[in-house]
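Participant: Please arrange chain B on chain A, whose structure you already have, making use of the hints.
Note that the protein sequences, when read in sequence, are chains A and B.
Per the numbering used here, residue 1 is the first one in the first sequence, and the count goes up by one each step.
Per the numbering used here, residue 1 is the first one in the second sequence, and the count goes up by one each step.
Calculated from the structure, these hints are not laboratory results.
In this text, a Cβ means the ideal position worked out from N, Cα and C, and glycines have one as well.
It cannot be assumed that every hint is accurate.
[As the list claims (entries may be wrong)] Some but not every residue of chain B turned toward chain A, in silico, with C-beta under 10 Å:
| id | residue |
| --- | --- |
| 1 | L48 |
| 2 | W107 |
| 3 | Y111 |
| 4 | P116 |
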Amino acid sequence: MPRIDAHVHVFTKVSPEFPREVSPNWPAEREEPAEKLLGEMDKHQIDQAVLVQIGGTSIEHHSYLLHCLKSYPDRFLGIGLVPPDHPNPTEHMSELADGTGIIGFRLFELGGPRDIFATTDAREFKTHPIWECAAEKDYVLWLYPRSIDAHLLPYLVQAFPQVRVVLNHLGMTPGKGKFTLDEFGRPQIQVSGYNLNMHTTYRLARFENVTVHLSGQYAFSREAYPYQNLAGWHGNLLNDFGIKRLMWATDFPWILEEPGYGELTTIIEKLLPNLSESELADIMGGNAKRFLRFPNRS
Amino acid sequence: MIRPTPEQKKQWEQEGYLVFENAIQGDDLKRLQSAFDFWAAECKEEWLDRVEAGEAAATFYDIPNPLEKDPIFIDIIDYPSYYGALMEFTDDDLILLGPQVRTVAPWPVSYTGWHPDVGQSNPLHIKVQIYVNDVAKGSGEFGFVPGSHKPDTGPYKRPLLQESMPGHKTFPGKAGTAIMFNSCGWHTSMDNASDTPRKSIILIYEKRTPGKIGPEQFAAISEHCTTPERRKLFSLAD
Chain A
1 MPRIDAHVHV FTKVSPEFPR EVSPNWPAER EEPAEKLLGE MDKHQIDQAV
51 LVQIGGTSIE HHSYLLHCLK SYPDRFLGIG LVPPDHPNPT EHMSELADGT
101 GIIGFRLFEL GGPRDIFATT DAREFKTHPI WECAAEKDYV LWLYPRSIDA
151 HLLPYLVQAF PQVRVVLNHL GMTPGKGKFT LDEFGRPQIQ VSGYNLNMHT
201 TYRLARFENV TVHLSGQYAF SREAYPYQNL AGWHGNLLND FGIKRLMWAT
251 DFPWILEEPG YGELTTIIEK LLPNLSESEL ADIMGGNAKR FLRFPNRS
Chain B
1 MIRPTPEQKK QWEQEGYLVF ENAIQGDDLK RLQSAFDFWA AECKEEWLDR
51 VEAGEAAATF YDIPNPLEKD PIFIDIIDYP SYYGALMEFT DDDLILLGPQ
101 VRTVAPWPVS YTGWHPDVGQ SNPLHIKVQI YVNDVAKGSG EFGFVPGSHK
151 PDTGPYKRPL LQESMPGHKT FPGKAGTAIM FNSCGWHTSM DNASDTPRKS
201 IILIYEKRTP GKIGPEQFAA ISEHCTTPER RKLFSLAD
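Chain A with its partners taken away, still in its complex shape:
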């Protein structure tokens, strides 16, 4: 069974060939190219990975991602971004995904009312056309919603049972103003000790088209690797979503310096120590291969 890292980012220096936006975490001169990722993957017997776009939402901003997918078609699949105010998201999505290796799109906002008591009709949500397009074209939706949007999800998931959904980073939903970078340049998300997502995203377990990443532990834990204080959350996700709907990921490159790529390849067996060998293999790649339809390596 292949070992698949289900959520990573790669980018190169800003150039005319590969334009992208910059941020404190990915300044113009920084590069974390696919070859560096492949080096880590090969060193730790990881076969394939999902490259998730960062550095802008326009077609041009996806140049490097498209380049990597074309260069290594049996190693990578891609997840793109959609401009929040795009007048025709279907056109944008189709253009990006047409035979390129991009299999889906990541959303941070869902575009519905902030008040759950005002939520009635998913067709009125701003992202409804994106979900419609995903349903029609069989794209995966890669979700890392804000806290204020968490209640909107089941309306969309229920309306589009054919859309494959991947909840990013333990199904967490970051709160406004709770995002910082630590001394290693890694995203840090301040969360309460009681996991509020037990009452939102974790409740989506009944929908069979929803899966969850076991990743991003470094961003939510206040402990050092292996982030034992998050073992309970992993246990809850395993209990609710079951062994076949969890996917391991590293969130490369943010974890390269601390704790290191190799360390993260063993985190699942540390946080879920009672898994059988085959169950571990499912989480480490089998589920991603099946759910995301990874090609066989040539």
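Facilitator: Structure of chain B alone, referenced to chain A:
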């Protein structure tokens, strides 16, 4: 104070719950509904801000510090219709841990799955859920697995669908109904597929453990606790 009947004591022991229909009625119920609606509206925006900040769940909200907001929320803590049963089951050594004055929105999925609150090693832990509005079947009514509070039952596993829990019973009821249950038992809020929010108050009690609740916990309402019994219930100094 109304002590439980032998039948009620038997049901409590065997099944782990009791239902008190019309536990609160008349003017007291109107006072409760009025205070609930007023403070729920007053506190809603602050709750939404906390949801946005990732500090509160988006699917339900509790009125903060309700005991300090209206005396009716204090009066229901030792309300005669169920207080006698609470005292009986805790050998007259009861403490309040806290109230949850809770509004649960209609949502495609229940905001919580089946669960027990405490393990068998915990001192007897009792909750009383009071419906503030009518709660029909399919609108977030309380669900409980009778007998699941006993140490020799189970193991139980949380099912994906609320209605798939083996042996469960649901408790639709009129406003003013109080459901008392042993929190070792598996319970939940059923899905609310209606268009009506479920308004209820969950009172949390325990058999006293010295020092569990300090006198500062409910000091803000000390003036409303004038009898020795009530001061003991709220862990206030004599």
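Participant: Flag every earlier hint the structure violates by its number, smallest first.
Facilitator: Hint 4 is the one this structure does not satisfy, whereas the remaining hints hold.
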